[in-house]
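> Those sequence lines, one after another, are chains W and S.
Sequential numbering of the first sequence, starting at 12, is according to our numbering.
Sequential numbering of the second sequence, starting at 579, is according to our numbering.
Hints in this document: simulated from the structure, not taken from any laboratory.
Incorrect hints may appear among the rest.
With a cut-off of at most 25 Å between alpha-carbon atoms, the simulated SDA-like pairs for lysine to any residue come out as follows [stated by the list, open to error]: (1) K616(S) - E33(W); (2) K616(S) - S652(S); (3) K68(W) - M38(W); (4) K581(S) - T18(W); (5) K581(S) - L89(W); (6) K616(S) - V597(S); (7) K581(S) - Y61(W); (8) K113(W) - N674(S); (9) K29(W) - T18(W); (10) K594(S) - S688(S); (11) K113(W) - R686(S); (12) K113(W) - D14(W); (13) K113(W) - D41(W); (14) K616(S) - D49(W).
Partial list, derived from the structure: chain S residues whose beta carbon lies under 8 Å from chain W [to be verified]: (15) S620; (16) L623; (17) R628; (18) G682; (19) G684.
Nothing here was measured: the structure is a model prediction, and the numbers come from that model.
All residues carry an ideal CB built from backbone N, CA and C; glycine is no exception.
Each chain, written out:
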Amino acid sequence: EADIYQTPRYLVIGTGKKITLECSQTMGHDKMYWYQQDPGMELHLIHYSYGVNSTEKGDLSSESTVSRIRTEHFPLTLESARPSHTSQYLCASSEGTGWSEKLFFGSGTQLSVL
Amino acid sequence: AQKVTQAQTEISVVEKEDVTLDCVYETRDTTYYLFWYKQPPSGELVFLIRRNSFDEQNEISGRYSWNFQKSTSSFNFTITASQVVDSAVYFCALDNYGQNFVFGPGTRLSVLP
Numbered sequence: 012e013a014d015i016y017q018t019p020r021y022l023v024i025g026t027g028k029k030i031t032l033e034c035s036q037t038m039g040h041d042k043m044y045w046y047q048q049d050p051g052m053e054l055h056l057i058h059y060s061y062g063v064n065s066t067e068k069g070d071l072s073s074e075s076t077v078s079r080i081r082t083e084h085f086p087l088t089l090e091s092a093r094p095s096h097t098s099q100y101l102c103a104s105s106e107g108t109g110w111s112e113k114l115f116f117g118s119g120t121q122l123s124v125l
Numbered sequence: 579a580q581k582v583t584q585a586q587t588e589i590s591v592v593e594k595e596d597v598t599l600d601c602v603y604e605t606r607d608t609t610y611y612l613f614w615y616k617q618p619p620s621g622e623l624v625f626l627i628r629r630n631s632f633d634e635q636n637e638i639s640g641r642y643s644w645n646f647q648k649s650t651s652s653f654n655f656t657i658t659a660s661q662v663v664d665s666a667v668y669f670c671a672l673d674n675y676g677q678n679f680v681f682g683p684g685t686r687l688s689v690l691p
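Next up, chain W with everything else stripped away, as it sits in the complex (with noise of 0.2 Å):
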């Protein structure tokens, strides 16, 4: 059972307001991912992280910055929400310090800008 959680489950704001999106693992991992995705599409990589101090941008474009201070957390900030950034965020990690290794995903933040 994975032990990655994200909060808020769900998120409605107005446009223009800043927000975080948390994520959390208990199980040490050193890579962390965040992934953006359209309901039932496929998943695209915003930002990943190698481990504390290490950040790095997906492939896929996005007006979001991460941090990562501990281990443990890696949170996601929008400086100023806008309609396109409705989508569906997941949190991942994995274990090892090689590549290629499985993902443990949170159950994500469905986020609404209205």
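Following the hints, position chain S against chain W.
Here is chain S on its own, set in the frame of chain W:
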């Protein structure tokens, strides 16, 4: 460039039927991993299987089985005697020790009682 294709957008079957979900991938690398994930209505993706490119043995886990054919770049997933709880979106994914996974567009499976 890497790519994963899941040609079946949606599949509906009646409970107890067998169903196969297709996955075709493209990569120039000789070393890579293939995955299947399940996303039930709750939204959380669940890992099902990981297979490396050097292991072409088919695998069976309960009602699930996977057929990896390198010659056709396919990694198909079969559910035997489907159940309503199998209803979900299933994603095939490819990773080549790169920086991220490439996910397919997903296949939505509906199992009707």
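> Hints first: check each against the structure and report whether it holds.
Hint check results:
no. : hint              : result
1   : K616(S) - E33(W)  : holds, 23 Å
2   : K616(S) - S652(S) : holds, 18 Å
3   : K68(W) - M38(W)   : holds, 23 Å
4   : K581(S) - T18(W)  : violated, 31 Å
5   : K581(S) - L89(W)  : violated, 29 Å
6   : K616(S) - V597(S) : holds, 15 Å
7   : K581(S) - Y61(W)  : holds, 24 Å
8   : K113(W) - N674(S) : holds, 13 Å
9   : K29(W) - T18(W)   : holds, 15 Å
10  : K594(S) - S688(S) : holds, 12 Å
11  : K113(W) - R686(S) : holds, 21 Å
12  : K113(W) - D14(W)  : holds, 14 Å
13  : K113(W) - D41(W)  : holds, 13 Å
14  : K616(S) - D49(W)  : holds, 16 Å
15  : S620              : holds, 7 Å
16  : L623              : holds, 4 Å
17  : R628              : holds, 6 Å
18  : G682              : holds, 6 Å
19  : G684              : holds, 6 Å
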